[in-house]
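Novice: These are the residues of each chain, in order.
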Amino acid sequence: MKTDIEEINRNIYDIKNKDEYDFKIKKGLTKEIIEEISKQKNDPEWMREIRLKALETYNKLELPTWGPDLSELNMDDIATYVRPKTKMTDNWDDVPDDIKNTFDRLGIPEAEKRSLAGVGAQYDSEVVYHSMKKELLEQGVIYTDMESAVRDYPEIVKEHFMKCVPMSNHKFVALHAAVWSGGSFVYVPKGVKVEIPLQSYFRLNSPESGQFEHTLIIVEEGASLHFIEGCSAPKYNKVNLHAGCVELYVKDNAYLRYSTIENWSKNMMNLNTKRAIVGKNAQIDWVSGSFGSHISMLYPMSVLNGEGAKTEYTGISFAGKNQNLDTGFKVIHNAPNTSSVVNSKSISKNGGICTYRALTKINENAKGSKCSVSCESLMLDDISRSDTIPVNDIRNDDIEFSHEAKIGKISDKTIFYLMSRGISEEDAKAMIVRGFAYPISKELPVEYAVEMNNLINLELEGSIG
Amino acid sequence: MNELLKIENLHANVGEKEILKGLNLEIKKGETHVIMGPNGSGKSTLANVILNNPVYTKTAGNIEFEGENINNLKTDEIARKGIFMSFQSPEEIPGISVMNFLKYAKNKTTGQPVKVFQFKEEIAKNMEELKMNASYINRNLNVGFSGGEKKKTEILQMLTLQPKLAILDETDSGLDVDAIRIVSKGIKMFSNENNATLIITHGTKILKELDVDYVHILVNGQIVTTKGGELAKEIEENGYAQYIS
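Residue numbers (my numbering), protein chains in the order written: chain S, -11 to 453; chain B, 40 to 284.
One or more hints might be untrue.
[Stated by the list, open to error] In silico DSSO-like links for lysine-lysine, alpha-carbon gap of 30 Å or less: (1) B:K120 <-> B:K159; (2) S:K268 <-> S:K223; (3) S:K223 <-> S:K159; (4) B:K272 <-> S:K401; (5) B:K170 <-> B:K56; (6) B:K45 <-> B:K97; (7) S:K223 <-> B:K159; (8) S:K41 <-> B:K45; (9) S:K397 <-> B:K97; (10) S:K14 <-> S:K4; (11) S:K48 <-> S:K151; (12) S:K239 <-> B:K97; (13) B:K224 <-> S:K401; (14) B:K56 <-> S:K15; (15) B:K266 <-> S:K401; (16) S:K146 <-> S:K73; (17) B:K45 <-> S:K397; (18) B:K45 <-> S:K401.
Hints are computed from structural coordinates only; laboratory data are not their basis.
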């Protein structure tokens, strides 16, 4: 019965389309396969070389020796490139019906009309739709898929691609660089303030496949942007893999807010890498909601290279049965008077595992820097787990540092209080969990906050034993 | 039927320790009852046991509400029967505004949809009577409220939910004279011939402006004396000494 409920819960996310594609690479990871992907994608020579070098790096690197067990993942079972049966368009009407219906159900075109300045939608390995408001185009803002960027802005891409996150960083970054496809490229020129968010949505429909989108965002001096990414997939019995890479360049006095709502299906290995390099008096804010996936390893990183650079990380994860969400935040204070603020919350139930894993490094030169970390975990039963693993590497004395971690259960007193108002135990728990998540959900764009509350309600339905 | 609450020979434990030791109490519609007693006598336990707080175990006795045994009902079911409790330390509930909480609780207790416009007007009026700043309606329930504001919000909930029996557990404790006056005004606004109030208190200030029908003295888990409103005055002057054997 339980399983039925969980299946119904994900309703809109789980509607899968027929596994139809224009081209699906054979499973596995060999030089021939990489060459074939490169050929299929009409890579320029320099990109082909990056891919091949990345494959070599991949083969040399070991799996991480810490964190969740990744032994279920076998690259021989994963198709790394699946081209949908359509070409990219800026007109929804041209998107094939089954793909269009998928994004319609997820509310993407609706959100574009209401509250977004631009939208990208990726289906399996390729972006199928991209559009942006004319005003932004006139201001010189570029928002396009990564393939077009490689073709149309090769100099910018060459200068930045896999430079913020080196491919030797870890095995799945190397994998990403070898097989990457799709993703978004954003360039905001000096001084341009993009007031309304841009959003890219990533949907993986094809079973036993991977999504490896690359997001490259450059916010020039004094410019600002809010970028939102959403991800989901229907559930299959076999493992799917997501190993995206996000590289963000926030130049002096610039501002970038990067919001993610991840609701992958529970057969997904989400091994994603995100990093921002932040200039003088610039700021990057990460807002991150992790609800889906079987295993996640995700630790966005801010490198505060400019004096007075700031970063904030606001994250929530919710792990249920068979979910191991290993998430956190890394920050390197690499200049004087830099500051970082972390506010992380996690909820685990039904045997789910949430781990907050973090690195805070404050270098010798980062005098006058401030770092404050707050982690709170809520466990809804006795079989779930929650852990906080912070690593602090602090190399000068002239700093302020605070770390606060709280692990707790739902208070029986609070449940009693709510029940004394005629509210059932189940509804009371959902209300408490929503309240716990509230400081994070209020940071999310409103549609996502609503979606998050719905997810919490659905996740808690029938979970009271 | 005038009978609301009837408690017979109630025994209750917290853990292994017996707190209520054979308590009897009857409350009829239209009545205002007061329970007084020294610290640790079991006053708050009584309120919690009536609402079946799982921290306490009933070991003997019966609680009937409108002729129905409610011993084994869950707290939310008891609330839906029409019993309300104002808490000594109300919980903070982030993520839901006072207005949305009132709407939600009203809907849950009555099972009826709330007529929003009328509902909002009524709440605004009650908040004015309770001298609550109108902005509180949009704040998260009890989050960062002062002790006094929390207690007023409890009274606002009582006025909104219109229970048949309101139990006020030390609602006056920690309040200054003005706040106590506002709380007793709220109780007066609430009281009518179809409902009843059970006030658990340490002090007598809250009783000054109320028409109290019965004052019960609770000592060591039992009601040892019951008299009219004049008993409160007597306690104020002489304390509980004569009732503690």
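Novice: Each hint needs a verdict: does it hold in this structure or not?
Specialist: Right, here's what the structure says about each hint:
no. : hint              : result
1   : B:K120 <-> B:K159 : holds, 24 Å
2   : S:K268 <-> S:K223 : violated, 44 Å
3   : S:K223 <-> S:K159 : holds, 25 Å
4   : B:K272 <-> S:K401 : violated, 34 Å
5   : B:K170 <-> B:K56  : violated, 42 Å
6   : B:K45 <-> B:K97   : holds, 15 Å
7   : S:K223 <-> B:K159 : violated, 44 Å
8   : S:K41 <-> B:K45   : violated, 82 Å
9   : S:K397 <-> B:K97  : holds, 26 Å
10  : S:K14 <-> S:K4    : holds, 21 Å
11  : S:K48 <-> S:K151  : holds, 19 Å
12  : S:K239 <-> B:K97  : violated, 67 Å
13  : B:K224 <-> S:K401 : holds, 28 Å
14  : B:K56 <-> S:K15   : violated, 67 Å
15  : B:K266 <-> S:K401 : violated, 34 Å
16  : S:K146 <-> S:K73  : holds, 29 Å
17  : B:K45 <-> S:K397  : violated, 36 Å
18  : B:K45 <-> S:K401  : holds, 26 Å
Comparing the model with each earlier hint shows violations of hints 2, 4, 5, 7, 8, 12, 14, 15, 17; every other hint is respected.
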